[in-house]
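Since chain L is already given, all that's left is putting chain P on it; use the hints.
Chains as they are written, first to last, in the working numbering: chain L, 1 to 154; chain P, 155 to 308.
Calculated from the structure, these hints are not laboratory results. Just so you know, even glycine gets a beta-carbon here, dropped at the ideal spot from N, CA and C. Watch out, some of these pointers could steer you wrong.
Computed from the model, here is a short list of chain L residues facing chain P with C-beta under 10 Å [stated by the list, open to error]:
#1 GLY18
#2 GLY53
#3 MET54
#4 LEU97
Result set (BS3-like, lysine-lysine): computed pairs, CA atoms no more than 27 Å apart in a straight line [claimed, not checked]:
#5 L:LYS145 x P:LYS250
#6 P:LYS299 x L:LYS13
#7 P:LYS264 x P:LYS233
#8 P:LYS286 x P:LYS167
#9 P:LYS199 x P:LYS271
#10 P:LYS258 x L:LYS96
#11 L:LYS145 x P:LYS258
2 protein chains.
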Amino acid sequence: MTELSLQEKYAPKSICFGCGPANSQGLQIKSFPQGDIAVAHWTPKPFHEAFPGMLNGGIIGALLDCHSNWMAAWHLMNKTGADQPPCTVTADFAVKLLRPTPSKGEVELKARVAESKEDRAVIEAELIAGGKTCATCRGTFVAVKPGHPAYHRW
Amino acid sequence: MTELSLQEKYAPKSICFGCGPANSQGLQIKSFPQGDIAVAHWTPKPFHEAFPGMLNGGIIGALLDCHSNWMAAWHLMNKTGADQPPCTVTADFAVKLLRPTPSKGEVELKARVAESKEDRAVIEAELIAGGKTCATCRGTFVAVKPGHPAYHRW
Numbered sequence: 001m002t003e004l005s006l007q008e009k010y011a012p013k014s015i016c017f018g019c020g021p022a023n024s025q026g027l028q029i030k031s032f033p034q035g036d037i038a039v040a041h042w043t044p045k046p047f048h049e050a051f052p053g054m055l056n057g058g059i060i061g062a063l064l065d066c067h068s069n070w071m072a073a074w075h076l077m078n079k080t081g082a083d084q085p086p087c088t089v090t091a092d093f094a095v096k097l098l099r100p101t102p103s104k105g106e107v108e109l110k111a112r113v114a115e116s117k118e119d120r121a122v123i124e125a126e127l128i129a130g131g132k133t134c135a136t137c138r139g140t141f142v143a144v145k146p147g148h149p150a151y152h153r154w
Numbered sequence: 155m156t157e158l159s160l161q162e163k164y165a166p167k168s169i170c171f172g173c174g175p176a177n178s179q180g181l182q183i184k185s186f187p188q189g190d191i192a193v194a195h196w197t198p199k200p201f202h203e204a205f206p207g208m209l210n211g212g213i214i215g216a217l218l219d220c221h222s223n224w225m226a227a228w229h230l231m232n233k234t235g236a237d238q239p240p241c242t243v244t245a246d247f248a249v250k251l252l253r254p255t256p257s258k259g260e261v262e263l264k265a266r267v268a269e270s271k272e273d274r275a276v277i278e279a280e281l282i283a284g285g286k287t288c289a290t291c292r293g294t295f296v297a298v299k300p301g302h303p304a305y306h307r308w
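Extracted from the complex, chain L is given alone in its bound form:
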């Protein structure tokens, strides 16, 4: 039996550009909990580049944003003992591009909880490629309430 990613298990119909399993033109990242962190592996396509051989920073941000969002949703679900993750949205995310990110081959994403409150979490994440941390991200992800357009969107 193949293990399902968080997205495949909890939001199989999501059309999100970054992580929706149902968006065949999106990035379709797959995040897996590993102890206290979440991990994803993803392979760029040529049209995700900034220039030949290097991944675009906007795509890097999109990967880190969605992966971090799922780390937050998974964390808030476990903290409350719920059997489904809350619908979380991004309030902010800040990306540092430390060096050019090679676009050939797989990149790895890792995310962990830095701060946690009742309805939100601050997540720190990094993107590793070619054996080096090429980018980092810190973002705030908030569980939305009924009435928000994202509520029950999954």
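Just chain P now, with coordinates in the frame of chain L:
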């Protein structure tokens, strides 16, 4: 005669995901100087959504990153009196998502210089949709030197 965007004029062969005129699967934003600021208009496709009706935050970041980068390149070019913009890369960018961004219809991007040094500029930008500022961004963009993989990539 139709006015060319900064990207069409100075980097027509760029394959950048966010702003490359030669990347038919990219966002292909077109940035135009207007006095001291740069402006772009862009229309989302359905696969750029986060959920039905709302634009994905990663795409919002990608738009603001590339548009701000061109504001920086244009500014540094004018400051030095060069006839071509330097190749600038993103060092960091921080996005605040103030409210859900509607995905139906056009979004507007505006960018301005907040700080300027010899080889870099800090740019503040915003994304306006449905008459409201839905997201803001502050980023640092650096002109690369010979030897950097992005040098002379245009």
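Hint-by-hint comparison with the structure:
no.	hint	result
1	GLY18	holds, 5 Å
2	GLY53	holds, 7 Å
3	MET54	holds, 6 Å
4	LEU97	holds, 5 Å
5	L:LYS145 x P:LYS250	holds, 19 Å
6	P:LYS299 x L:LYS13	violated, 45 Å
7	P:LYS264 x P:LYS233	holds, 20 Å
8	P:LYS286 x P:LYS167	violated, 34 Å
9	P:LYS199 x P:LYS271	violated, 37 Å
10	P:LYS258 x L:LYS96	violated, 30 Å
11	L:LYS145 x P:LYS258	holds, 23 Å
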